[in-house]
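As they're listed, the protein sequences go chains A and B.
Start counting the first sequence at 1; every next residue gets the next number (my numbering).
Start counting the second sequence at 1001; every next residue gets the next number (my numbering).
Don't read these hints as lab results, they were simulated from the structure.
Please read all numbers here as calculations on a predicted model, not as lab measurements.
Honestly, I wouldn't trust all of these hints.
[To be verified] Taking lysine to aspartate or glutamate and the DMTMM-like style, the derived pairs with C-alpha atoms no more than 25 Å apart in a straight line are:
1. B:Lys1161 to A:Glu155
2. A:Lys164 to B:Asp1158
3. A:Lys233 to A:Glu215
4. B:Lys1161 to A:Asp315
2 protein chains.
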Amino acid sequence: MPASSLSPREVDEQMALIARGIAELINEEDLRKKLARGKPLNIKVGFDPTAPDLHLGHTVVIQKMRHFQRLGHRVVFLIGDFTATIGDPSGRSDTRPPLTREQVLENAETYKKQVFKILDPQSTVVDFNSRWLGAMTAADVIRLASGYTVARLMERDDFAKRFKNNIPISVHEFLYPLAQAYDSVALGTDVEMGGTDQTFNLLVGRHIQSQYGQEPQCIITLPLLEGLDGIKKMSKSLGNYIGINEPPGQIFGKTMSVSDDLMWRYYELLSDKGMDEINRMKEAVTQGRLHPKTAKEELALELTARYHSPQAAEDARRDFNAVFADGGVPEDAPALVCSQGADSAPLAFLAAAGLTASRGEARRLILQKSLSINGELCLDPLSPLPPGEYIVKLGKKRFLKLEVRH
Amino acid sequence: MPASSLSPREVDEQMALIARGIAELINEEDLRKKLARGKPLNIKVGFDPTAPDLHLGHTVVIQKMRHFQRLGHRVVFLIGDFTATIGDPSGRSDTRPPLTREQVLENAETYKKQVFKILDPQSTVVDFNSRWLGAMTAADVIRLASGYTVARLMERDDFAKRFKNNIPISVHEFLYPLAQAYDSVALGTDVEMGGTDQTFNLLVGRHIQSQYGQEPQCIITLPLLEGLDGIKKMSKSLGNYIGINEPPGQIFGKTMSVSDDLMWRYYELLSDKGMDEINRMKEAVTQGRLHPKTAKEELALELTARYHSPQAAEDARRDFNAVFADGGVPEDAPALVCSQGADSAPLAFLAAAGLTASRGEARRLILQKSLSINGELCLDPLSPLPPGEYIVKLGKKRFLKLEVRH
């Protein structure tokens, strides 16, 4: 056995952290082989340069990149600027105008500011696929395209469905998975990670690397993180997200609003605590030795501290408890259940619950900064609240326990 | 009407020559419109740089290029060297190794030597698609590929069949029709011509030109020329061809061997005579005023003169007639019918017909230069003759009327 290689036990240890919370690994045998060599692996994750405003859903994979960093591997944060500067060339959509070089670099800085709250800046390579794809000639593209068949691309779910239903697929759409695969060739990638919706494209990378004489990369897919509702995937458009740029009180309060089940899911996918510790906490809760609210506070503190600071996290806990825990809410406060939508806008539920005599009074009080929701000042009378449970406070004395349902 | 435009009658005159012998025009209305402007049109025909050894089948389209030249249009003889220098990148075949730049240029010279026997060198542009395709970037290719759909490519007969039968189609094969189409954009092509098997690719050019804001080209397809047998398309591998580099006696003799029906077909597709004159000859033959052999001699003379010289053509006629017409063949010469294959090799039919006592004698006489077939010396005892009728002469006195059948 060469001096640099790892013992099976050392490989086991790495595998335990790597496998934590993942959706799929293709395949374990290959990855063990790569790890056993004892050399730092090249880990690649691609990011869209157009959307650098992250929420916790995005951080699941970044957290996994962090795991690889902790194990001494080399992480490439790859910004897919090549396709972005082309824009959507099919002309069927103008929602994605081409980005300028300046915009790409600016977005990259925004990304860095956010992801370096998780990743170690010293051992993270931020790269751009325009570096090699931009230098490719037509002949290079044809050579790349020769390495994959139409039939295999047609196996991709969305292509198969669209072809069957006569929804046009432009030929260039066939080139994107190949370009992404070529990124792995250019970077000599050992492991590529992505969401479960990326499985097909990641597998193309394995094949294309073989075509170019490289050892195929391993594939790790990460699950989509459930949003605050515990059902749908976390997304901005569903309003069930925790943005990592949100103020400390929001991150803390929203984390406290998740169900106990979802809390353990978030622990597994987002926390830096080891699984041993998490499992001990879980057992303690099951056995009644630990209150679930205390466990949730731990998680809320960890996440708030990560994206702000330990001090900001402590302050957020204090503020939160001032409203929720320290007797701030009278036992006999009215309760209201409403549906997400027009009914879950402050103007609507304040009047509906009888906290104000009219929508006019509600609007006036909101403008006077009298409304707080989960301890955060609210100045917007019209934006509907997403599903969840809220403590609404109007002025010093008027309280409402609000539940917004789907 | 602008001064430069043509009258409907002038357009009619051009259309008559253009439409002669073609398989399909897409479409007449568009072409009339282009012609009516009275400006020289850009005519494009693509040629494979790997196979510059032409036979009459190839000259059908070159003849049509000549027609356009006679009408004052600008003809581009486009050598598709871009794809050829890539070779067959799929790795599934090594029958087509990439050509070097030197080979491409050398082949281009070979082409010129041949096609300038038909085309006017002064008004022929020889171009290479590597000039623009070689300069394309990956982004350019993606932009091009965005202009066409997978579904439309799947309509191409061979793609549809292969996909249905699970025979792999490499993705780069989808890029070839698009590259060919882009040639029309680069050249601002008004009319592209090709064989009937090219119809699909030529139509892609129309679409891609529109995508790039150009007026779509018109498409003219030329029929595949029947070989000497009058049934299958002329091809080297079938042995039913007249190569334009063959000696005068071969071109003359092979032309004389075609059926009367096929003769008129060759007249229409290959002769420089006007259709009026051809139709008058045809009528004269029908009415018995002209012997079909005389008409065939005219054609044989014209084709032989084109690829050699009028003098060489006259010499070939004299030699031919010395054997066939001037009593060279005794009335009572034996006749033999055999099948194409082993039986149609000289060694076989000479012995079978009893012209020699044995295959050994046949071989010896052939080596002594005693065998002529249709007036041409034959030194090869083993190569089977293709289907057709032959006058075989061994020494000064032994004759055989040979018919080789399929």
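How the hints compare with the structure:
Between B:Lys1161 and A:Glu155 the CA atoms are separated by roughly 18 Å; this keeps the pair inside 25 Å, and the hint holds. For the hint linking A:Lys164 to B:Asp1158, the alpha-carbon distance of about 19 Å falls within 25 Å, and the restraint holds. Between A:Lys233 and A:Glu215, the direct Cα distance comes to roughly 34 Å. Violation of the 25 Å bound is thereby established for this hinted pair. Proposed proximity of B:Lys1161 and A:Asp315 is contradicted: the alpha carbons are some 69 Å apart, above 25 Å.
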